[in-house]
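**Student:** If you want the building blocks of each chain, they are given just below.
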Amino acid sequence: MAELVRDLMRHGALTCTLDTPVKEVAQIMVMNRTRYVVVTDKQNAVVGIISARSILKAWGKDLERTKAKDILLPYTVTTTPDTSLAEAIRVMQKRRIQHLVIVSERPPHKQVVGILSASDIVRHMARS
Amino acid sequence: MTLVRDLMHRGVITCHLQTSVKEIAQIMDANWIRSVVVTDDQGEVWGIVSLISILKAWDKDLEKLTAEDILQPFTITISPEAPIEDAVKLLQQKRIEHLVIVSPVESGRRAVGILTTFDIVQHMAGLPAGTLRSGMELGR
Chain A
1 MAELVRDLMR HGALTCTLDT PVKEVAQIMV MNRTRYVVVT DKQNAVVGII
51 SARSILKAWG KDLERTKAKD ILLPYTVTTT PDTSLAEAIR VMQKRRIQHL
101 VIVSERPPHK QVVGILSASD IVRHMARS
Chain B
1001 MTLVRDLMHR GVITCHLQTS VKEIAQIMDA NWIRSVVVTD DQGEVWGIVS
1051 LISILKAWDK DLEKLTAEDI LQPFTITISP EAPIEDAVKL LQQKRIEHLV
1101 IVSPVESGRR AVGILTTFDI VQHMAGLPAG TLRSGMELGR
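Just so you know, the sequences run in chain order A and B. Start counting the first sequence at 1; every next residue gets the next number (our numbering). Start counting the second sequence at 1001; every next residue gets the next number (our numbering).
I should point out that these hints are in silico values taken from the structure, not numbers from a laboratory. Here the structure is a predicted model, which is why all the values come from computation and not from measurement. Hints should not be assumed to be uniformly reliable.
Stated by the list, open to error - Okay, derived cross-link-like pairs now, DSS-like style, lysine-lysine, Cα gap no bigger than 27 Å in a straight line: (1) Lys1094(B) with Lys67(A); (2) Lys61(A) with Lys1056(B); (3) Lys94(A) with Lys1094(B); (4) Lys1056(B) with Lys1089(B); (5) Lys94(A) with Lys1022(B).
Please put together the full structure from these sequences, using the hints given.
**Tutor:** Structure follows, in structure tokens:
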């Protein structure tokens, strides 16, 4: 059977809100040694993701005034734990992103359940 | 003014053009790194293999494919003496995560370091030294 996202995803994800200042988003990444932060709305639904490269968009700007909503990569492709790994990898390559937000299949809509990262996939490739 | 050399990592982990993709994935796994610099017999830089490059080989034979098949060619150069703004622009324009820094004095393309988007994020976060979690934890 084809491998699924649920086989390699990590449960849980680091999040911030739309109005979190970029400075704080950068601090969340550095303190947790991650390269992503998921942006959620008031209903806890995913709106987008911020990668290390997204943070660079705020270079030269006021990092307290620039907010997560100003630099996020919008969440457009829905990936669930039952999406095939092959499909998830195709999306990562096409969009040149190293993290995919995994959302719940059940309502409420677009609730974050985990993260699939390129580093976890490569580790799997190294060890299998 | 902050320069590339102020934020770059000195020293790089390399592999040969003929190293298999399987082995490169193992090098990344063992060393907690996200890119490997590809060099030839003379130690000159040919390119870089990133996590995204490795994903290209997902459904292929990892023992048969080599670094040469999946590398991003080394075409983007930046000097250690360049202002960090130039590196920020390059990383954004080219949609890449790593810049290989070559020696400005030695002949040939000798890699002396790597600058990553994360190094710049660390600088922007402005956290005091010692804020990081200790240990070899892989940034996910």
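**Student:** Run through the hints listed earlier and report the numbers of any the structure violates, in increasing order.
**Tutor:** 2
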